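Line by line, the protein sequences give chains A and B.
So for the first sequence, numbering that gives the first Met the number 0 puts the first residue at 0; every next one is plus one.
So for the second sequence, numbering that gives the first Met the number 0 puts the first residue at 0; every next one is plus one.
Treat the hints loosely; a few may be bogus.
[To be verified] Part of the chain B face toward chain A, derived, beta carbon under 8 angstroms: (1) G21; (2) L23; (3) T24; (4) T52; (5) I53; (6) T63; (7) K66.
[Unchecked claim] Label pairs and their calculated CB-CB ranges: (8) B/L94 to A/I82: 41 to 51 angstroms; (9) B/D8 to A/I82: 55 to 65 angstroms; (10) A/F12 to B/R62: 49 to 59 angstroms; (11) B/R62 to A/L78: 25 to 35 angstroms; (12) A/L107 to B/L10: 49 to 59 angstroms.
No lab work stands behind these hints: they were computed from the structure.
The structure presented is a predicted model; accordingly, all values stated were derived computationally and were not measured.
By construction, the Cβ of each residue, glycine as well, lies at the ideal position given by its N, Cα and C atoms.
The primary structure of each chain is shown beneath.
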Amino acid sequence: MKIISRNLLLFAFLLFVYTLLFRFGLGQLLTAELWIWVIIISVLYGGMIFFTAWTTGKRDGMENFLFDAGFRWNLTTFLVWGIASEAWFLLELHSAYESIRVVHITLLIWSGFLLLHFILFLILRRRTIKGVHKTDIFE
Amino acid sequence: MANVDKLHDELLGAWEETYKKGQLTLWIFLALKEGPKYVSGLQESIQRFSRGTISAEDQSLYRTLRKFYHLKMVDFSAGKGHKGPDRKYYHLTPLGESLLHSFVERNILLFFEEPLRELLLNSSTTK
Numbered sequence: 000m001k002i003i004s005r006n007l008l009l010f011a012f013l014l015f016v017y018t019l020l021f022r023f024g025l026g027q028l029l030t031a032e033l034w035i036w037v038i039i040i041s042v043l044y045g046g047m048i049f050f051t052a053w054t055t056g057k058r059d060g061m062e063n064f065l066f067d068a069g070f071r072w073n074l075t076t077f078l079v080w081g082i083a084s085e086a087w088f089l090l091e092l093h094s095a096y097e098s099i100r101v102v103h104i105t106l107l108i109w110s111g112f113l114l115l116h117f118i119l120f121l122i123l124r125r126r127t128i129k130g131v132h133k134t135d136i137f138e
Numbered sequence: 000m001a002n003v004d005k006l007h008d009e010l011l012g013a014w015e016e017t018y019k020k021g022q023l024t025l026w027i028f029l030a031l032k033e034g035p036k037y038v039s040g041l042q043e044s045i046q047r048f049s050r051g052t053i054s055a056e057d058q059s060l061y062r063t064l065r066k067f068y069h070l071k072m073v074d075f076s077a078g079k080g081h082k083g084p085d086r087k088y089y090h091l092t093p094l095g096e097s098l099l100h101s102f103v104e105r106n107i108l109l110f111f112e113e114p115l116r117e118l119l120l121n122s123s124t125t126k
């Protein structure tokens, strides 16, 4: 039973790659003022994250019985997205249309939801025994 | 008549499907009560005890045993494999033994007492 499992690391790696590709594509499309494509690439990016989180999370649930109410995936997404986005701006790879303020505001709002998710996890953890959900122990 | 038989079989299948959910633990514990076993041996015992009505996939058993080990209900020791590498021989811990005892006493033994025993025997001879 691992907190940082192989599936979580795979998700983090793929998310990092997606974020770099998204940031690059977004900068190019904004500079070219292709607004429709900006929306398309954003939806595609969100969809890819959702799909990857879903598949790696499901596989992790089969191999690893640690109950976390999805919090590890949420925290990983927050950290990877935040670090990749901050680095993108610090390395000045962003376009003229992008502002680091948007990244900071997103992280601020997201951290609020992350805190709520953590509280929910703590509440639900009462239904576990040594980290395993009571309904998942006996099969 | 064929329709009634078909309905009977469908309902029996659905009932058994529901009934078997949550039973794997009992079969694993009973198999380990017989003696330490590796995963394939455990599968064979479960099939034998349940007269083939319960079967468990390798992955499902490994996952369950890892979980039980984490919760200190089973432990294992390395033993000689048939030809290949050493195998993990699982056995019940004192906690596992105690759990099996309490569970059987509270949920299984009542079927061996009257009037349930009589009713069950009558149900198996009438159709």
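Fill in: Violated hints - listed by number, lowest first
4, 5, 10
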